[in-house]
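Participant: Sequences and hints are given; from them, build the entire structure.
These are the residues of each chain, in order.
Protein chains: 2
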Amino acid sequence: MTETADSTVRAALPSEEAGIERLYSSELANETEFLAARTRSVGSRRANEELASLDLKVRSYSVLSLACSGLNPSQRELAEFLFLDPSQIVALVDSLEKRGAVKRKADPRDRRSNIITPTAAGKKLYAEAAAVVQAAGEGALSALTPEERDQLRDLLRRVAFADQQG
Amino acid sequence: MTETADSTVRAALPSEEAGIERLYSSELANETEFLAARTRSVGSRRANEELASLDLKVRSYSVLSLACSGLNPSQRELAEFLFLDPSQIVALVDSLEKRGAVKRKADPRDRRSNIITPTAAGKKLYAEAAAVVQAAGEGALSALTPEERDQLRDLLRRVAFADQQG
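Taken in order, these protein sequences are the chains called A and B.
Residue 1 is where the first sequence starts when you use our numbering, and the numbers rise one by one after that.
Residue 1 is where the second sequence starts when you use our numbering, and the numbers rise one by one after that.
Honestly, the hints are just simulated from the structure, not real lab data.
Be aware that one or more of the hints could be misleading.
To be verified - From chain A, some residues computed to sit far from chain B (all C-beta separations above 12 Å):
hint	residue
1	Glu-33
2	Ser-69
3	Pro-73
4	Leu-84
5	Arg-104
As the list claims (entries may be wrong) - Label pairs and their in silico Cβ distance ranges:
hint	chain 1	residue 1	chain 2	residue 2	range
6	A	Asp-55	B	Glu-148	21 to 27 Å
7	A	Tyr-24	B	Arg-112	21 to 27 Å
8	B	Arg-99	A	Gly-70	48 to 54 Å
9	B	Gly-139	A	Lys-57	28 to 34 Å
10	B	Arg-112	A	Thr-117	31 to 37 Å
11	B	Gln-134	A	Leu-54	36 to 42 Å
Everything numeric in this text was worked out from a predicted model, so none of it was measured.
Each residue gets a CB set at the ideal place from its N, CA and C atoms; glycine is no exception.
Facilitator: Here is the structure:
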């Protein structure tokens with residue numbers, strides 16, 4: 001009897017995906033923050049795979065991107081903006097500096113602090129990485145129309161920065 | 001001269017927040033996946049603060065929530081659904097089991113696997129935690145109207161589960 005019941009369940013679940021799909025109906029799967037985390041995880045996994053060819057990961061890419069923004073972020077600002085520990089930022093900047101992509105300079109606004117600026121090689125690396133990340137992002141967002149992608153980005157932007165704009 | 005230039009910059013930046021706000025104009029701050037990560041980080045920080053009173057964190061809450069879903073998730077499914085390593089799930093389930101909130105049972109669909117089910121105390125804990133998380137979520141989403149919150153959730157749902165629904 002138990003064997004038969006098991007077989008029936010298996011027949012209704014042709015693959016592992018079919019099994020896990022039932023979790024989409026959970027309360028958790030309707031919580032916006034869970035969905036934001038999962039969206040990020042799906043995107044990061046894809047972007048990390050693609051960025052591996054440039055020996056970057058999403059986090060080092062984020063630091064490089066802000067270093068190349070022309071906005072002269074300090075290490076403290078990078079930590080705050082990226083929600084990472086200062087020690088994590090130091091390690092990421094160290095690794096980018098070691099490969100000649102960024103340099104630390106004294107911050108004219110606060111001499112106890114360093115700002116992170118790109119080298120010419122760092123700018124080139126960022127241009128390549130940004131193209132890779134953009135392609136990965138488009139893949140991850142392929143379920144949405146261009147208008148819906150804009151809508152999603154605008155809504156997320158308002159939530160993501162609500163604490164500082166409110 | 002340099003001192004004067006510095007003072008001018010400082011005057012235009014009345015607080016640390018004002019300083020970091022300029023990073024909102026970076027390319028990174030317009031990437032949907034960065035925004036999803038930041039939305040999650042803002043929400044998690046707030047939820048972790050609130051959940052501390054119940055000795056839970058966002059991750060243990062997520063496991064408890066799925067255990068209480070009535071959907072009988074296996075440890076493997078929890079790992080896949082939450083994008084965590086199986087070893088992380090084992091540690092989270094261990095800690096919830098130790099405090100009497102969940103139990104491991106043999107999975108009728110696969111005897112090599114365990115499903116995670118809640119105890120009565122676990123269901124009560126989840127009810128309290130879900131209320132806390134919902135309040136924290138509403139705080140995090142307070143920049144949006146109710147319609148916009150629904151819109152955001154629906155768009156994220158389509159992206160977060162695109163890989164399995166596409």
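Participant: Check the structure against each numbered hint from earlier and tell me which ones fail, lowest number first.
Facilitator: Hints 1, 2, 3, 4, 6, 10 not satisfied by this model.
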